[in-house]
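Chemist: Top line first, the protein sequences correspond to chains A and B. Using the working numbering, read the first sequence as starting at 1 and increasing by one per residue. Using the working numbering, read the second sequence as starting at 328 and increasing by one per residue.
There's no promise every hint is true.
As a list, the in silico EDC-like pairs of lysine to aspartate or glutamate whose alpha-carbon atoms are at most 20 Å apart [what the hints assert, rightly or not]:
no., chain 1, residue 1, chain 2, residue 2
1, B, 730, B, 554
2, B, 547, B, 484
3, A, 142, B, 671
4, B, 742, B, 646
5, B, 626, B, 605
6, A, 142, B, 483
7, B, 662, B, 646
8, B, 547, B, 731
9, B, 397, A, 197
Among chain B residues calculated to face chain A with C-beta under 10 Å, some are [unchecked claim]:
no., residue
10, 472
11, 660
12, 662
No lab work stands behind these hints, which were simulated from the structure alone. C-beta atoms are modelled at their ideal positions from N, C-alpha and C, and glycine is treated no differently.
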Amino acid sequence: MGLKNLTGLVLLSLAVIVLPYALPDFYFKLIQIGIYALICIGLSLLLGYAGQISLGHAAFYALGAYTSAILTVRYGWSPWLAVWVGIGLTIILALAIGIPSLRLQGHYLAMATLAFGEIAFVVATAWVALTGGPSGFGHIPKWNVFGYRLVPPRADQAIFYFVWAAVILGLLVALNLINSRVGRALRAIHDGEQAADVLGIPTATYKIKIFVLSAAYASVAGSIYAHVSGYVNPGPFSVEHSILFITMVIVGGMRTVWGGVAGACLMGLLPELLADLEHWRFAIYGLILLIIMMFIPQGILLGVRDLIAWSLEKLPFRKADSPGETE
Amino acid sequence: MLKIDRGISQGIIVFALLLLASGIFFACEQKPQQMEETTTQQATPAPEMQEPMAPAEEPQAQAPQDEPIKIGAIFAITGRAAWLGEPEARTAEMIIEKVNGQGGINGRVIELIVKDTQGAEDRAVNAVRDLFREDVVAIIGPSRSGTSMAVADMCEEQQMPLISCAALAQITEGRKWVFKTPQKDSDVVIRIYEYMRDHGMTRVALITGTTGFGAGGREKLKEMAPEYGLEVVADETYGPGDTDMTPHLTRIRGTNPQAIVNWSIIPGQSIVMKNMKELGMSDIQIFQSHGFGNYGYLKAAGDAAEGVLFPAGRALVVDDLPADHPQKEVLSKLKQDYETRYDEPLSTFAGHAYDALWLVLDAIENVGADRAAIRDYIENRKGFVGTGGVFNFSPEDHTGLDKDSLEMLTVRNGKFAIPGGE
């Protein structure tokens, strides 16, 4: 996986361990952001490597959350088992959406997932008997790790570790994938689909696989969310959130999975940091997005790296700015 | 590089520009009536309000006398539910200023820590975590049912009294530390159905919004109809984005109902009334829920709202109340204070925050700034005269209001009124 990424993971783990002690009044805000980061890792695989957009990731997030919630509350399952059922259901649905739309060239997946996201939201809202409707339902069992129940707010620190352990694990899986044969094939597809085809790479199959994997990331994030918050309602799973996730990935930088994590942190914390500015919040928020998109389209993470490199070498572009280098 | 992403990035630039433009517009619009910053605290009582006794200077036996008592408040001050949260936050801040101006409670200044949830669950959860760290003695809010449900278990776990300003019955169900001030859905249904029964109506059509508020009402309406000899002949729903309910109403008209209940808290409810007028359905009596109790919705419906019937708290018809009504004094005082200060008509939602905050302040005055004591006191509080009604709490009932807290209201000459008067 490369020394760089290994160092990155070790540094991230250290930061995660230290943070609750360093910033005891702040770290808990990163619990929800960690959940978003997990979704963004999956989404950055899809965006950055398969070059496809999903506008329905909030629906896969919902699928994980609701499957977990329903199985544990109505049927008394353990959260640890429910996650797998959530993943299974997500894989089936992602295949059903991905197979027809990814065999075609162009952004058909975006359209299909947009529709799916909207349908999922309507189902969550209208199928009251199953999902509890707009009021949702609560009393969802909390995670139980080695006999220790992760009940907020008492176990906030443990919850924080739990969520970010999942993020680091998610990063590990994604990084391993990228640096394998599959990753190289995906990069070939991203750079030129026809060229990849000619080289004998089954492009459609790879795109479907990566889409299913990224949906599974969202499903796991949903299960984690359900058992951390103890309450699900359709609110956090609207299409608006799908767009938020994509924005996170693009702002962070979609050419590396680290960008997903960086984007989730930045976009998640911005509204928090700007909360004191009351009514100017949205304007500043828009301005920041605008600046990032216009001047650092490679995302905040690579943008900062390039800036450092530039200031070091006094060169506007570095030769080594290829995806292979960044992983 | 980045050739596939160009389309997306251009899209985001457009989105960001729109956000920027609307943000600036929003900020400019809000500026003239800018609210207090997040923390409203008056360290010293305002001189003009100071009483001759100056209770704050009196030396007291207890140690932390000079430290303010902290109360948390989480409302949807901005975002989609801002029309709920903004009057709530304003009311709470106004009360605290007044209380501190008169020397605080038991000689101690009250510090209200206001957090904006933007109506979002994750933000409400983080706001509550912030408030736990601030060591508040109680929390009032949130404004919405979804956000209230999201934080209820945490408050229960932390043994923090929470007085929600949202309507959903589930919020307090099975919880020891959670109370709420809005009237129960079931009581609103009872008032509507009793009226129908007394006026010989048997066929009722439902049209409800697909938010937590609408779904809760729909469930209760369907469940309780048989008790009142009513047959639900139609059951339509509409979403927050719907702008035309003509198809729903045409279907409803086909079922030949005597009355329609439009239960919703989203702007679509005004469209329903307008569409009914357009369709010439004036022979069918329209009932609204207490979610209609907002001047914005009244204005949006225009003259289509004339003659509508809806049960709501008495905050909307303060001037029509007889002088000897138990709530007259509380309501007219709040109305006068609120309307002179903010130059907008008093809504029932402002009243929910008033009740929630005063329940806490009243408890602190009587049993001191201790969470468990506050909870126990509120749970056994009887005869608390608020804006929503006269509250009688008990361990089984954390809402404290019954159907008498509601008044059947109508709209006459573009104003909320008690039917039959004048």
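Chemist: Under the constraints set out in the numbered hints, which ones does this structure not fulfil?
Modeler: Hint check: 2, 3, 9, 11, 12 fail, others pass.
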